[in-house]
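Colleague: Could you put together the complete structure from these sequences and hints?
Protein chains in written order, with this note's numbering: chain A, 221 to 333; chain B, 835 to 1244.
Hint data in this document are derived by calculation from the structure and do not stem from the laboratory. No experiment lies behind these values; they were computed from the predicted model shown. Incorrect hints may have been included.
[As the list claims (entries may be wrong)] Lysine to any residue pairs mimicking SDA-like chemistry, simulated, CA-CA at most 25 Å apart:
no.	chain 1	residue 1	chain 2	residue 2
1	A	K233	B	R1118
2	B	K1238	B	R912
3	A	K223	B	G1183
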Amino acid sequence: MSKKMTQQFLCSKMMLPEHCSGLRKYAEDKKWAENHRRPLLDEQFREELQQILELAMAEQQPLKFTVLDSGGYRAYSGIPLRSDPATGLIYLRSGSSRLQAVKASEVVGIEPF
Amino acid sequence: MGAKVIFLADMESFYASVEAARNPSLRGKPVAVCGDPALRHGIILAASREAKAYGIKTGQPAWEARRMCPWIIFAHPRMQTYIDYSMRITRIFEQFSDRVIPYSIDEQFLDLTGLEKIFGSPRETAAALIGQVWAETGIRCRVGAGENPLQAKMACDCFAKKSSDAFFELNSSSYAAHTWPLPIRSLFGVGHRMERNFHRSGVRTIGHLANLPRDMLQRRWGINGEILWLNAHGIDYSTVDPDAVHEQKGIGHTATLPRDYRKQQEIELVLFEMAEEVCARTRRQGKIGSTVHLYCKGADFDHPAGFSRQKKLPEPTATAAEIYPTVQQIFRKHWDRMPVRAVGISLTGLTAYRQLKLGLDDHCYQEESLAAVVDMVRERFGKTSLFRASSLKPGAQFLQRAGKIGGHDS
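Modeller: Listed below in structure tokens is the structure:
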């Protein structure tokens, strides 16, 4: 079937270029917001994450942290050394003894690495 | 599978309604939005319900409106404000459905299929939608409903606008009974010229057209004839797909000239300026086009003249120096030397720049580099910071159009 037959309204729409670019930006912002929407973690899931973290700290096992910050989803991996309740940071040693800090409030997932 | 539920929501006297919403002292008064009469933009772009009661219509000259209603209030168009309101309304509609497509600044399609359990019948949904738009923006909207976008559009344009509750619903079984007695011009897709063609063939109503054989229309007018036959039967295969709306088929500009242009030099100067404008927008999107389309409208309202032609470019491009010779060629071939009122240029067959532009010769490379530098300067210092000296010649439109939206103040 001809494209014109299936898109007669798209072919005839009358839109100002400024309106089109505004709508495009709006769609992009919406998509960005969707991709950055923080998931709601229930109490049980958070407890599970805490247990995985404490176990790995005790046994010096590497973990993979999934973090959602302003740049979107990121993954960090390393051996958790300690967590600091005052600053809300979890310190990891990744690779060649490099120290990294992850914000506990941005963590949305933890799994063995 | 059940029938689809498609809405077309149309804002009543949109520009005038926005003016009244922003300035409540205008409510209940005859208000018309019109451009600057000195630049021939003094035509009514929108008239409020109260102004329409005096017989004032869109497209009428401002002086005529003043004669019909001496106390009419004229408002200057503010296009960016209207765009902002239109987008606010899109966000309201998105509370009802995630499938919303703006069709123009004051019309939007919504697909509400499968949402009956949440919002109720189409009439109930429309009432909620109309109420929400009014409460949040102070703008009245009318809703046409149908099983496809065409039925919704016909329901809105031909019936909902005249209905007391601003709603009308058509479906496949009621379409013929309601629309077939209407004059052929009421059918979506039939313009001034097509109406004339149909009248010559004795086709006066939508019903007359519907009763002609489909293949006869197809033979005579090709795909357009076939689409009109389908429209006469309420059949439409288009969908409400929000992603499709961002696919850009072409980039173009049209402009009504401040006076009738008679000299070839003056018209060609404006065409060159418009070619530059179209190419700059195409480049901004990282694209090139393969076909250029030229539209010229004659100045005589009583005998509509002009032409609309397109031509494939030797090579896809987005530089004015490369598309202008083709524009000039089309213009010189088809212009009948009669005064011109409006012109338009568009570039279609868009592709990503890197995908096709492989064989650059030295000349093309220079033109592209120059265009890129001009774009950068204008981006940083404003559109009028750098322009061709020819734009200072009589008849040039570049400086008048700069900073405007749709030919009106932003």
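Colleague: With reference to the structure, classify each hint as holding or not holding.
Modeller: Here is what the structure says about each hint:
no. : hint             : result
1   : A:K233 / B:R1118 : holds (22 Å)
2   : B:K1238 / B:R912 : holds (9 Å)
3   : A:K223 / B:G1183 : holds (14 Å)
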